[in-house]
Structure formats: structure tokens, C-alpha cells
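Peer 1: Listed below are the residues making up each chain.
Number of protein chains: 2
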Amino acid sequence: MTQKAFQDYYTEDFSHCYGCGRLNEHGLQIKSFWDGDESVAKFLPSENHIAIPGYVYGGLIASLIDCHCVGTASAATYKAEGRSMDTEPALRFVTASLKVDYLAPTPLGVELEIRAKVSEVTKKKVIIEAKVIADNKTCAKGYVVSVPMPKSMGTK
Amino acid sequence: MTQKAFQDYYTEDFSHCYGCGRLNEHGLQIKSFWDGDESVAKFLPSENHIAIPGYVYGGLIASLIDCHCVGTASAATYKAEGRSMDTEPALRFVTASLKVDYLAPTPLGVELEIRAKVSEVTKKKVIIEAKVIADNKTCAKGYVVSVPMPKSMGTK
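If you read the protein sequences in the order shown, they are chains A and B.
So for the first sequence, numbering that gives the first Met the number 0 puts the first residue at 0; every next one is plus one.
So for the second sequence, numbering that gives the first Met the number 0 puts the first residue at 0; every next one is plus one.
For the record, the hints were derived by calculation from the structure and aren't laboratory data.
Each hint can be trusted.
Since the list can't tell identical chains apart, any single copy or any two copies may satisfy a pair.
Here are the simulated DSS-like cross-link-like pairs (lysine-lysine), alpha carbons at most 27 Å apart as the crow flies:
id	residue 1	residue 2
1	K41	K3
2	K124	K140
3	K122	K98
4	K136	K124
5	K122	K3
6	K150	K130
7	K123	K136
If you're wondering where the values come from, they're calculated on a predicted model, not measured in any experiment.
Next up, chain A with everything else stripped away, as it sits in the complex:
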């Protein structure tokens, strides 16, 4: 894809997240993009991200959904305001609530696709639904309520 990832618009201070920070060399470095009205991220778990042999552990699935949806919340809000993600003021979000339903064991060794749809954008919150797909099968569904980052956390 030739688009710039949502997370690559984050300012340096906000680019250290273990899940999606481009500057966290130990982290997952999730990258999210628009694909029509949905957002998509792709991720290949490492062999350490194991639950039992052959399957991905649930905490990684939750992490992928969380960071992908928070990035999508930011991107969707810029879009709703008719602004590019590189314009000020910067919009950063945090997760108020995350729910993951694990529908089927997620196989290890294949690239996962995380797809999200925004179901509500208001000034107070963005609600997003996501699914994690492996080998064309939806293995998990996620529901995220994302809210603007509180000033106490350092939003500029």
C-alpha cells in the first residue's frame, strides 16, 4: 500500500507504544490503513506469540484489536472533521473499553488481518467493531470504545 499508516502520523511523544509505536523497537509496530470505509492492519505473529503449540495467544489478539481500533478512532475523527492526519491540533485516543470474543483458535504461522468498521463518531467517543481473520476465517471479534486522550496523559 502506498498510503502512510495512521500510526506514522503520530508525533514522536506518542510513537513509543508497545503495540503500535514506530519508535518502540521491541514492540509490535502495528500499521493501520484505510481500505474503503474499513481500516485494515496485517500482522504476522512471531513463534513466541503462542498459546499452545500451533495457536496464537489471546493477549496478542487483544493487543492487535486495541491498537488498530485506537488508530482507527483517530483517523476516523480526522476524517469526520475533514482534515488530514498531519494537521493540528493532533487527535490522540485511548481505549475506554475493549471486548474480544474469541470465536475459534487462531492459527500461528499465518499473517493475520485485522479489519475494523467505525460505528459511531462523536466528540466524546468513537465506537469501533473489529475482526481478526486468519486463512479467510474470522477467529475473533472485537468491540472498542475509544475516547480522546485525557489532558493528564499529555495531549498537546
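For this one, chain A is given, so just place chain B on it according to the hints.
Peer 2: Below, chain B alone, put in the same frame as chain A:
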């Protein structure tokens, strides 16, 4: 504590989980214990487990709740059956649903306490409520529905 952790009763095949496997040298190696009717795990996030500077990223909180609650589901079922965790047949659980409400930013640099209470134990599922405490403050609450591991995943 002189108790053996729930996870240390898992057989070798089930001890590779990134979140709680004692044999996953790259993983979190969460250890859960009974403390009266509640279960407790303690965990010191690394400086890489960052959201933005000073705070723990949400995916780690979700992972801690997930693995601690799944371990608690197993321990609670052994307890309900009046059996020690080292007796056969082995009881292993997986997460059907995980919900995390993030109540306050979780500070980085302090040991986190994850406490869980079992609210329902049946043959089909175990329901558990958890909280993550930092500096005596509850930063997140979790709700986990845990079910016996499907035979297709290798339960003996």
C-alpha cells in the same frame, strides 16, 4: 508465597503461552495464586510495555487479565471438584470472551496486582471478574468467560 503457582501445574505442552507459560523465555510468565477466595498475580511491566511515556499500554493489561483469569478458571474448577491441580484428568481452559474497562491510566514503573474473583463455575464455563491495581488504585476491570479447551486444541 510458598504456594505453587497455578501455571506451574500445567503440563509441558501447555506451558509455552506467551502470557503465562513457564517455558516461554520471551513471554510474561504470569504466576497466579490463591489469596483466600480471590486469586492474585503480581507483575512488573518492563519499560518497553509503554503506551505513552509514563503509562502501561492497554494490550499488556488485557494480557495480564486474560492469562490470570484463565489460570484462575482452571484452579477454581479443580477446587470445585475437590481435587488438587496435579491430579488427572488435567483441566485446561481457554478464553471465550474478554472485556476490559480501562478506568484510569496505569502508571509504568510500579508492580501491578491483578486480583480475580470467580463468580460462576459450571461444567461449561467459568466466569471471572478481575481488577488491575497500581499504587492502591484500580486502573482496570476485567470480565472473562473461560471455557474448557476444545479437544481440537489438544486437551488430553
